[in-house]
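Colleague: Once you have looked at the hints, place chain B on chain A.
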Amino acid sequence: MELIQTDIVVIGAGPGGYAAAFYAADLGKKVILIERDPRLGGVCMNRGCIPSKALLNASHVIDSAKEAASRGIQFGEPTLDLDKLRTWKESILQKLGQGIAGLARMRGVTVMHGKGHFEDSNTLRVETAEGQKYIRFEKAIVAVGSRPALPKAFDLGNPRVMTSTEALEIPEVPENLLVIGGGYIGMELGSVYASLGSKVTVIEAMESILAGGADPDLVRPVAAHAKKAFKEVRLKGKVLKMTTAGKQVKVVSEHDGKTFEELYDRVLVSVGRVPNGQDLGLENTKVERDEKGYIKVDERMATTDANIYAIGDIAGGILLAHKASKEARIAVQNIAGEGSAVNRDYVVPAVVFTNPELAWVGLTEQEAKQKGIAVEVAKFPWGASGRALTFDRTDGLTKLILEPETHRILGVGIVGHGAGELIGEGAVAVEMGATADDLAAIVHPHPTLSETLMEAAEAFFGHSTHVHTRKREAH
Amino acid sequence: MDVRLPNIGDGAEGSVVSIVVKPGDTITAGQTIIEVETGKAVAGVPSPTAGTVGEIKVSQGQKISPGTVILTLTGASGGSAAPAPATKPAAAAPKRRAAPVEVDEDDDAPVDDGSEDGPVPAASPYVRKVARDLGIKLSRVRGTESGGRVSVEDLGRYIARLERKVARAGRYAEEPKGMAFEPVNVDFAQFGPVTSEPLSQLRKVIAARMVENKVSLPHVTQFDEADMSRIEALRAAHKAAYEKAGAKLSPTPFIIKAVVAALKKHPKFNSSLNEVTESLILKHYFHIGIAVDTDVGLLVPVLRDADKKSILEIAKELSQIAEKARDRKLGAADMQGGTFTISNQGAIGGGHFTPIINKPEVAILGIGKTAQKPVVTAKGAIEARPLMPITISYDHRIIDGGSAARFTVDLVKAIQEFPEADVTL
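Just so you know, the protein sequences line up as chains A and B, in that order. Under the numbering used here, the residue at position 56 of the first sequence is numbered 56, and the numbers go up by one with no gaps. Under the numbering used here, the residue at position 397 of the second sequence is numbered 397, and the numbers go up by one with no gaps.
Excised from the complex, chain A in its bound form:
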């Protein structure tokens, strides 16, 4: 048995794994990157963030064309060539996948396609197309990610019941689509299908859509828009039973004290995600998992096995690509003995690409209330933004969560068109310890939506140009 020696082996080439592999190579380590898919990039690039945003962009074109009618510009009914849409989307993923492979090559990172399996705390067996390979590593970084949850009761073995993975392939535009779960994946993909022409019904178990951490203030415009774009949003609803009924799916559900028995052409199950890596051979190492299957890590991203680190979704916490990339840096820095990186004291922005977009960073008003942290809230409604008026989307709000005495910006929340792009400034403000005084003093370009951040700070002191609020003393 031939042993391939390496400093570091990274298992999983998603935004956590390839970031870790590249950074480790940049620090002079010998790195092997293992990926079971033929294409690098992981869920984010192949079955998540990127394809969903490509499709959302396509659906925005349809929406914009419709909205243009009120401005005196008429388009005919759009015709859909799903094959072409898929090919276009695929070409983006292809480009990105090749880009990553190229970057790996330039850095001297060895990419090995196959399934990794730990033999012990120093050895990884990889099942490749060319047979078994054995890697002897100093350190391993597990970045195998997560996959959509498909509860047994919903798993009919029927392709008409989809998770986000299948939905992103747009096999067809169903006439009636049921989305189970009104979280960000359900709302984003529901939007895509609604724009393409499906009648979308959302069943959400909680009292609100996007209940996972978003400020109710910010969810409101999204919920209002969904009400118009979707056929129906049933909150506090429950799916009782699903069965195959010919070319349709029969769904029995409960809402508002009534029982529904309905036929849907397709069902999207978006009730959360579950960690991967059950077949990784972790039982042959000292790595421990929690009861949900996430690998236990300390604040240096080290697992309970001294040679093995874990990052990204598999390490639990919030399941976001940019959080995985940050953890990749922390893990590699600790392995390489550079600095004192720890997995705390930073904020992770969240963006939901609904219509309108919703984004926040740092402390939310709700979280402050729950934790009993005294805060002041400054708001700037987009009705007062000239820029928002120019594209007819005044259903936005920019919110600052401030420390009452120092006016330090503890959190920023934005809902509205392009909120995802705007939140970057919020992240800088929070991480730099900026105050409302700072934000109000910084000149923002006109006419742009970024002004809403400055004006929210000005509104806090009662001297916003475009909204009138009570006065208070600046520092």
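It is worth saying that the hints were derived from the structure and are not from the lab. Treat the hints loosely; a few may be bogus.
Chain B side only, calculated, beta carbon under 10 Å to chain A, not exhaustive [unchecked claim]:
| id | residue |
| --- | --- |
| 1 | Pro121 |
| 2 | Ala122 |
| 3 | Ser124 |
| 4 | Lys129 |
| 5 | Gly143 |
| 6 | Ala322 |
| 7 | Val376 |
In this text the structure is predicted, and so the values were computed from the model without any measurement. All C-beta atoms in this analysis are idealised placements derived from N, C-alpha and C, irrespective of residue type, glycine included.
Modeller: Here is chain B on its own, set in the frame of chain A:
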């Protein structure tokens, strides 16, 4: 009124060991309300005034610092009598949150893992990383930017201050080379069954002080023995009279008096070195620290003005402070201001031992168990005599070997020739 934690001495923070009162209790001024484990000891915190206890605002184990509200008192006789708060209580702070002030006493322990106890202070990620790498707590650094944000320059100024401070202190206590030991972190369970007990705050403080004192002072220890025949005879003769006066006549008051006599003759033994001003401070008072062995650990209450007190007064006070120490009722003030320490293990047993100087004092006396031993007399005969092992550890920066020998000779003499007049009631 709110009762706040007063300044409790040089351990600026403490943790609540026990809460002695409960809501509804009527308490008097000076009554102990909580016990706080601080840098040096477990100290009772007295109520500044009489009243009825309203709400208790602290919990057992909680870390508190001067200004923390302990409880509320209703029907308080007067709110002004806060027990000597040297630090301004938090309520008196200006409305805007004051940036942390870089206080000298806070600078003593700048190096740790850089983790913050409270919320992350306002600073850029870069400044936070630098601080973390250097093990500096950002909450100790005064930020000068908007909202008290710490800039790179603020961090630089803080580091420069630390360097100056270290340079000043370094002239005396240059960090010994090669002293950076790898901390012990062994899984002993691999060798056999073990149990693990976390160190108490007091034990950590004792440990840190012992290391500091032992490492920073050049110790020399002088050994001798004192013939206790005379003191034993005096004790036997006067025991009954003392008992009538309500005191137990142990050898310790004699030793304290003898020590004071020797200190008077050798003032350097009753001094401290000011390492910053480079001057020797000779003290004209004689406060003798008595090491007391308690369940929680070593405590050193101080018997004040031992030179002005009679054997009877000292005997009575000794039993009081020993009891207070064992009942954990010593206040911080009870343990401050010592000029010389006596560690007496005579009641337990054992011979000579080498005590560690209680810095900033310059010498300490260690006493072992008095035992009958053969002594060759001046006439060449061999006699059994009760000999008490004594050891004097002294700071060799201040005290030369000759001075120490002379001090020891005089101390032994003061013990062996103890004047009866001092004992007679």
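Colleague: Hint by hint, say whether it matches the structure.
Modeller: How the hints compare with the structure:
no. : hint   : result
1   : Pro121 : holds (8 Å)
2   : Ala122 : holds (3 Å)
3   : Ser124 : holds (5 Å)
4   : Lys129 : holds (7 Å)
5   : Gly143 : holds (8 Å)
6   : Ala322 : violated (46 Å)
7   : Val376 : violated (65 Å)
Hint compliance for this structure: hints 6, 7 are not met, and every other hint is.
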